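Chains as they are written, first to last, in my numbering: chain A, 2 to 226; chain B, 2 to 490.
Because the hints were derived from the structure by calculation, they are not lab data.
Given the structure is predicted, the values throughout are model-derived calculations rather than measurements.
Some hints here could point you the wrong way.
[As the list claims (entries may be wrong)] Which stretches of chain B does chain A cover? Using the computed rule of at least three CB atoms under 8 Å from a CB of chain A, they are: (1) 187-200; (2) 205-217.
[To be verified] Covered stretches of chain B, going by a simulated chain A footprint (3 or more residues, C-beta under 8 Å): (3) 120-130; (4) 135-145; (5) 152-166.
[Claimed, not checked] Partner residues aside, some chain B positions facing chain A, computed with beta carbon under 8 Å: (6) ALA170; (7) PHE180; (8) ILE370.
Each residue gets a CB set at the ideal place from its N, CA and C atoms; glycine is no exception.
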Amino acid sequence: MSDTLVPQLVDGLAALMLLTSFALLAQHRLLSVLNWFAAQGFLLATTAAVVAYGTNNHELYISALMALLLKGLLLPWLLWRVIRQLHVHREVEPLMNRTMTMLIALALTLFSFHIIQPIEKISHLMTRDSMAIAMACVLLGMLMMITRRKAITQVIGFLAVENSLFFAAIGSTNGMPLVVEIGIAFDVLIAALIFGLFFFQIRDTFDSLEVDAMHAHLIHKDDDE
Amino acid sequence: MNLFVATLLSPLLGGLLLALVNNPRLAARINVGTGITTFTFSLLLVIQVLDVKSVDAMSGWFHLDAYNVFLLALTTFVGMTTSIFSAPYMRHELASGHVDLPRLRLYHSMFQLFQFGMLLGFSTNNIGVLWVSLELATLATVLLVSLYRTPASIAAAWKYFILCGMGIALALFGTVLVFFTSSAVLGHGNEALNWTALYANAARLDPAVMSIAFCFLMVGYGTKVGLVPMHAWLPDAHGEGPTPVSAVLSGLLLNLALYALVRCKMLVDGSTGTDMAGHIMMGFGLLSLFVAAFSLHKQRDIKRMFSFSSIEHMGLMTFAFGIGSSLASFAALLHMTVHSLVKSGIFFTVGHAAQAMGTQKMAEIRGLIRHHPGIGWGLLMGTVAIAGFPPFGVFTSEFLLFAAALEVYPWTAVPLLLGLLIAMAGLFRFVQPMVYGEVASQAVPVHVNMLPVYVHFAMALVLGLAIPDFLADWYTQAAALIVAGGGGG
Numbered sequence: 002m003s004d005t006l007v008p009q010l011v012d013g014l015a016a017l018m019l020l021t022s023f024a025l026l027a028q029h030r031l032l033s034v035l036n037w038f039a040a041q042g043f044l045l046a047t048t049a050a051v052v053a054y055g056t057n058n059h060e061l062y063i064s065a066l067m068a069l070l071l072k073g074l075l076l077p078w079l080l081w082r083v084i085r086q087l088h089v090h091r092e093v094e095p096l097m098n099r100t101m102t103m104l105i106a107l108a109l110t111l112f113s114f115h116i117i118q119p120i121e122k123i124s125h126l127m128t129r130d131s132m133a134i135a136m137a138c139v140l141l142g143m144l145m146m147i148t149r150r151k152a153i154t155q156v157i158g159f160l161a162v163e164n165s166l167f168f169a170a171i172g173s174t175n176g177m178p179l180v181v182e183i184g185i186a187f188d189v190l191i192a193a194l195i196f197g198l199f200f201f202q203i204r205d206t207f208d209s210l211e212v213d214a215m216h217a218h219l220i221h222k223d224d225d226e
Numbered sequence: 002m003n004l005f006v007a008t009l010l011s012p013l014l015g016g017l018l019l020a021l022v023n024n025p026r027l028a029a030r031i032n033v034g035t036g037i038t039t040f041t042f043s044l045l046l047v048i049q050v051l052d053v054k055s056v057d058a059m060s061g062w063f064h065l066d067a068y069n070v071f072l073l074a075l076t077t078f079v080g081m082t083t084s085i086f087s088a089p090y091m092r093h094e095l096a097s098g099h100v101d102l103p104r105l106r107l108y109h110s111m112f113q114l115f116q117f118g119m120l121l122g123f124s125t126n127n128i129g130v131l132w133v134s135l136e137l138a139t140l141a142t143v144l145l146v147s148l149y150r151t152p153a154s155i156a157a158a159w160k161y162f163i164l165c166g167m168g169i170a171l172a173l174f175g176t177v178l179v180f181f182t183s184s185a186v187l188g189h190g191n192e193a194l195n196w197t198a199l200y201a202n203a204a205r206l207d208p209a210v211m212s213i214a215f216c217f218l219m220v221g222y223g224t225k226v227g228l229v230p231m232h233a234w235l236p237d238a239h240g241e242g243p244t245p246v247s248a249v250l251s252g253l254l255l256n257l258a259l260y261a262l263v264r265c266k267m268l269v270d271g272s273t274g275t276d277m278a279g280h281i282m283m284g285f286g287l288l289s290l291f292v293a294a295f296s297l298h299k300q301r302d303i304k305r306m307f308s309f310s311s312i313e314h315m316g317l318m319t320f321a322f323g324i325g326s327s328l329a330s331f332a333a334l335l336h337m338t339v340h341s342l343v344k345s346g347i348f349f350t351v352g353h354a355a356q357a358m359g360t361q362k363m364a365e366i367r368g369l370i371r372h373h374p375g376i377g378w379g380l381l382m383g384t385v386a387i388a389g390f391p392p393f394g395v396f397t398s399e400f401l402l403f404a405a406a407l408e409v410y411p412w413t414a415v416p417l418l419l420g421l422l423i424a425m426a427g428l429f430r431f432v433q434p435m436v437y438g439e440v441a442s443q444a445v446p447v448h449v450n451m452l453p454v455y456v457h458f459a460m461a462l463v464l465g466l467a468i469p470d471f472l473a474d475w476y477t478q479a480a481a482l483i484v485a486g487g488g489g490g
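Model the full assembly from the supplied sequences, consistent with the hints where possible.
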């Protein structure tokens, strides 16, 4: 029974993962972006637990727990606190041309399936469709970083990319070895803390969290002084 | 093996200790002391490894062979000289109010943590851990780039963080793909991420997956190497951070990324049996050489100018590793060494020059030789060396590279030579007015320590005149290892 159920579950979770990536791209209220990000973290933990059950791999339960604590709870909570302290939690970020962004996102998804095709043919693992979806999510996270103008949403895009990579590792290889997994989680945590520090530095220095205000300083350097 | 643990622990413990030391004089001394200790340990380690050719430490978690032990020693050496240089430099920055005490503490601590990340990355046997340590070294330097908290430095650090974070995420995706195919061959465990096990079984890895993986690894680690078109972060990060940081970024961190890339290339070559990876690297290398050579001419800031020269040289090395013959690999390894030595030496000099003139704008730096002969001649000598004039080592390695290129891909000689000439013209166009002529009016006397600079240049000179036998053997061994795809070790 579990021979067919577990792969189906993982495929379903992969579809949900893609859904959250699209949702992140389409939201314009900071708080809803954050909620979808947290949802993504819970999805990851569930996927890891399901795969752990399906493959009887106990190391993966630890990964699942780490994903739940770090990506589902700690990071969203930290970001939420930062948003509260910076008083931007009610802010609405105008999106640049939503329809166009969605169309590009769609094209990226198709592109990922195309790229991954030769791999899917040879895969014997139970969770092979998820590789294409994971790659699509990586690209969608990057698209989010390009289209957003605020430092905080850029960071959420960055963390969404990390989530997708975790999903790729779980979904297509049944998880990286635990040492590597822990190392990556540690790096992500440190990165998130540094990002948090940066928000305050950026706000204090530039009086806003718009990335354009910051880059103006560098572009200015290139042109003339 | 105990030596190995000591080499890794020394910067880690030093960094932790420095996080607690508030006294700037004491902190600088501990920093230098840690640098010297680490270097001594690594030197002893080199002697040990050279005897037996390759060592597996800590039950296979770490692997040292001719290729990485040499880079390990180079890293600890430049780390040590940088810490010596940074003592008077940071004292001046503290006195002039650019940094305060807590930030100086952060600087010292992060500097050693960066060093730890570098050493871990070079010595680990695990692709995943290599990725983690490269990210660790990057995170440590992000905080160092924004140390001055000026608007430009924060913007530069943000750009560095986001772009490198992106790049390195792609490299992780590539690593996942490698694990995807290797775990089918080697079983689901740490074994499937070990260089030694991977090289031994490279032919059994799926070529289609490895080709796709290499594209991700190339773009990912290529971002950290500073290859065009992923180089946008590099000039800003080098230009805005404190000078010791620019020196280690340029001289060391880029090397680690290139090292990772070359290791991946060896693996992909073994799997696909084609030159695909090498050709991609050659393309990126040539493009970087050209774009950097032209961009050099447009710069106004002295540190940004020399950071474009770093992109140019990383391009050259990537190109050389891409050719893949043993002569080309020999040239690339030699170039890696001399570039690290000369470029960090140049950054030391530039740092002192910028302090003496109170600015990094090249238009306002004038008459360095008259103002302070040590700095002026140092800058001129460094520029001569990095531009590839004999008798310095850069000339030797570029000459060898040229010979290797003529041997395998003769048509590349024309763009190579053209790129080098354009870059050289750019360097001298700016450096000459800075060193000669009347002293700029705003110049102030500074306390400098030119010893590390002279040591670096002297070593580059020795490498140019006559490479010592043991070093030549070493390069030959490492080059053979790279050509054989790691199987030879």
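A quick look at each hint next to the structure:
Coverage of the segment 187-200 of chain B by chain A holds [criterion: at least 3 residues with CB-CB distance below 8 Å; count 5]. Under a criterion of three residues with beta carbons nearer than 8 Å to beta carbons of chain A, the stated coverage of the segment 205-217 of chain B is upheld, 4 such residues being counted. Note: the segment 120-130 of chain B has 3 residues with beta-carbon separation from chain A under 8 Å; the three-residue rule is met and the coverage holds. Using a Cβ-Cβ cut-off of 8 Å, 5 residues of the segment 135-145 of chain B lie near chain A, which meets the minimum of three, so the contact claim holds.
Against chain A, the segment 152-166 of chain B contributes 11 residues with a C-beta closer than 8 Å to a partner C-beta. That satisfies the three-residue criterion, and the hint holds. A cut of 8 Å between beta carbons decides the hint on ALA170/B: the least distance to chain A is about 5 Å, and the hint holds. The interface hint given for PHE180/B holds, since its Cβ lies 5 Å from the closest Cβ of chain A, which is under the 8 Å cut-off. Taking 8 Å as the C-beta cut-off, the interface hint given for ILE370/B is violated, the closest approach to chain A being about 25 Å.
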